Amino acid sequence: MSAATETALGLTESKGIGPRVAKLVIYSGLFIVFAGPLLALLVSSFNHISDPTQLSVVPKTPTLDNFRIAFDHGVLKYLLNSFFVVGFGLLLQVAVSVLAGYALARKVFPLMTVVLVAILATMMLPEEILALPLTLVLGDLPLLHVNLMGTLAGMIVPLGAWAFSILVMTEFMKDVPRELEEAARIDGAGELRIFAQIILPLCKPALGVIGVFGFTMIWDQYLLPLLVATNSDSYTLPLALRTLRIDPVVTPGVVMAASLLALLPSVIVFLLFQRSFARGLTAGALKG
Amino acid sequence: MSVREAPVATAEPPPAEQPGRGQWRSRVRRTGSRRAPGRAARQGGKWWVPWLFLAPALILFTYFKFIPMGRALVMSAQDVRPYLGNTWVGTANYSEILSSESFRSALKNTVVLAIGQTFGSMLLGFCLALLVEGQTRKLSFIRSAAFLPVVVPMAVVAELWRIMYHPTSDGLLNQVIGLVGLGPSGFINDPDTSLASIAVTGIWRGAPYDMMIFLAGLAGIDRGLYEAATVDGASTRQRILHVTLPGLRPVFAILFVLAAVRGFRSFTEVFLLTNGGPNGSTEVVMTLIYKLGLEQNRLGVGSAGAVLLFLATLVLTVCVQLLRRRRTA
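From first to last, the protein sequence lines are chains A and B. Once you know that position 165 of the first sequence is 164 in numbering that gives the first Met the number 0, the rest is easy, because the numbers rise by one and skip nothing. Once you know that position 256 of the second sequence is 255 in numbering that gives the first Met the number 0, the rest is easy, because the numbers rise by one and skip nothing.
Just chain B, with the same shape it has in the complex (with noise of 0.2 Å):
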């Protein structure tokens, strides 16, 4: 075995040619605490070692993060027209987009979603992790099972529930509402209930995930704690709140942020479910973004939305986070 490239700088001079193993690894050991920061600095051997590592990360970045974030803030202060010269007009985008009806209902849609998908997943994948909590193989298959739908590519999940809500009575989902005398729906077709079944596709994929979260936080929880309560007389229902609940509050804060920016940025189910229609009843953000800068060409209007979009999930982020700390603190 040869070694081409001299060790970096070590606590002993370089040894010229391959001492015996082991013949310096002792002196070596004595040398003081793991994590000493001039230690590990001298360790790193030359300046650039790090920066050649990080390199290619920050190369992508800088290219499909930065860059066109960049353009995306200068575009959204342009008026821009490909071959003739984007000229600048300030704030004009904005006070357009703000002003547009379709951008308020867009805005309005997508916080219903969001708000809709974010809660009724979270609930329901509570729920979910507290049926399926348990060590026996019969409720690891039914986990399992009950994760696939997360795995599942969005597409397919769009297309798979578009053939179910077919809008007639022997649809699949109006079979099955049939059987509870209810219906038969339009679903996607029907203005009236299309944001509300686009929630419930979006809650079918993201319940499964919460769960798993869920299960996570509740094999944190100490078990000492439910034997106390249940020494105590503690109902299930008693012990649920006072115990489970107080025990996974972290694990609700980062969900609720985690679901409602992906809230914010549907796309993929609502352009293959209904693409913003029946009658604009499911227009999102993002569709009409899409609209504006691809199919129109109105790059800028397009990134001023865009702008506001990010800017709407700054926000929550750093707000739930504040709230955090402080309730931890």
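Isolated chain A, as found in the complex (with noise of 0.2 Å):
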């Protein structure tokens, strides 16, 4: 028996014909309970389905009409608008946590404490507490005036700063040794030099769980592009599916062939990143 394989229940060190057996039933359910609603999604996206009652895992009638449908319904404007938000969503979101995170992991002054109670505390406020008054601040920028209802800028703006990103930065940029930092000042290296040459490079690791996460985070959006999309010009992908699920002459099959689309991008940068999301999803948990 060897201590590094053991886990809680002890089932990989299980042998003989019945705990086999077992194990096999429990993982192949897994395996159905999970994944078995999405591959039903994709088989139905691919097949003539008239209605709801004839979603299957069984490919019948292979076709690529529910796509051809989806695309007459606009899907892909909405699909190239999610792209538009998610693309520059995430920009906007990765400059401003490693911008921040410099600031709060490497420099030392005065209000730095009333700074990061002030990120910790935009964690209890989501676009979900904020809805109604966001509207308004979206409709009418205090002092700039500006007007982003009915804008995909209205869906980027309000997610550029997420706290979450910004801690995991600022937790990982604190590990970088102060002696690399020393060294490039002295050789005369800027501000700017030692942030974007000495420490950022450094960072890759942070830089793909932020990346990932906020990634998969815009994706998910729904309410807040439900707010702002005043006409279904500026509709994302997400909010597109109702208008297609209550348009009478839109089959299922349409609706989950648009559904497919709306998931692979996010199912896609999980699957390439799986190890970025491992490390996300324990700073962000167990760190607090």
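No lab work stands behind these hints, which were simulated from the structure alone. Hints are all accurate, no fakes.
In silico DSSO-like links for lysine-lysine, alpha-carbon gap of 30 Å or less:
| hint | chain 1 | residue 1 | chain 2 | residue 2 |
| --- | --- | --- | --- | --- |
| 1 | A | Lys203 | A | Lys173 |
| 2 | B | Lys107 | B | Lys290 |
| 3 | A | Lys22 | B | Lys137 |
| 4 | B | Lys45 | A | Lys203 |
| 5 | A | Lys203 | A | Lys106 |
| 6 | A | Lys106 | B | Lys45 |
| 7 | B | Lys290 | A | Lys76 |
No experiment lies behind these values; they were computed from the predicted model shown.
Using the supplied hints, reconstruct the complex from the two chains, each of which is provided in its own coordinate frame.
Given below as structure tokens:
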């Protein structure tokens, strides 16, 4: 018995035909419960489905019609809107987070605790709670008097600063040795150069974490686009799913095809960056 | 390589021209401990440098978090009338919403849904974590497959489950429960089962997330304790009760707060699956606020509801944090 592979249940060590069959049943059950519905979605999007009772995991009449009809209903435009929002949103979010993280991790300044508390406090103020006043603020930005309602920018800027990303960046940047920074300073490097060429390149793992989490967070947004979009031109793909479903001539197969397009980007990002995901989950949850 | 900016304040006077590399290094190395505060402050250079780096975050937070929160507080004490000017009504909005039957029932539904989703996800997530803990490739495949629902957008989850919940006997889930002789159930179309159905969808998406956090917690448990327990002749059940569960206590506390707060704010799944129906059986605080504020334009009353929701999540978070402090102290 090796201590390294010991688990709480000790399942991996079990031998013999009985436990093996039990394990097979359990794991296939798990797979069916969690991946099964998504497989049904995948298969249905390539099937002729005229009513919801025909949703199944068995491919019967393979077709691309669902996607064709979905595109006829503007799904491509909504998809591009989504990509626009996630692209610029993520760019803004990452930039804001690394800048703020640098100040919080590498500097000591008065009121630093106040700033940290304020950033933590924003975690208690998600879009849901702020929904109503947020529409008013976005309709007429204080001081600037810009109306962002109905624009994609209105779905992007409120997500620009995210406490989670800032805190992950801060924690990570704290661990970069002082000596590197000092050496660069002695060599005459300025503040920006130290930030961009010394600290930032060493933070690639953290950039991976805030990148994948930011991506899924922005891609999953529903309420904010719902508040901001004043007509279907500025819909993101998740919003468009509901309009498609309500449309009486659109079949469930088409809704599933559009759903597949809406889930693929975040699933692909997850599969490509699983390690960043695992790292971020523990950073976000276990460090508070 | 040219350096345009002068070095900010170092232990040495700034060289007029770029010195030979390494010329100044050796002397600085000697300067004591890494994180002496006085030293760090000197290194920071001008006082406004950190604020410049913080500015984008602080501006965005002010605009989209703090100003809206202030607005919500103000509006909750006002009768909001676009173009006519708002009038102060004191606590009237609060007393109106607290005494309204629909808010009370929405509050009850929200609490039931939050509790159901929180404990359902944690229980299932814990069992899943125990089952898929391990190093083999098969297990990591199962883990990834089980985690997929977490990264699927909630809107997709809701549309998918909406179809799976089709109320006739040939709906997908009705066929599944038909295999064991149950149903057909109306699921989200039946006031008796609608809230539970939404909770099941939430658990399906929440449990794998909890599973991953539990797995991280399990990885932190000292393997030697398992070995010792086995040597002492402890059964699997005793091992889980006396080694695993105590080791995971902080994880439970964190997951509880995260999931409960998430449950209080449930909006998308309810909005898309039932939008509060049938017959108000799944109306939660968030869908009610949405309807009050954006469909009926009653911003004052809606804001009062949002402030109450905020207070509820605040109290919950603070209580759990205090409990945790006391236990660890």
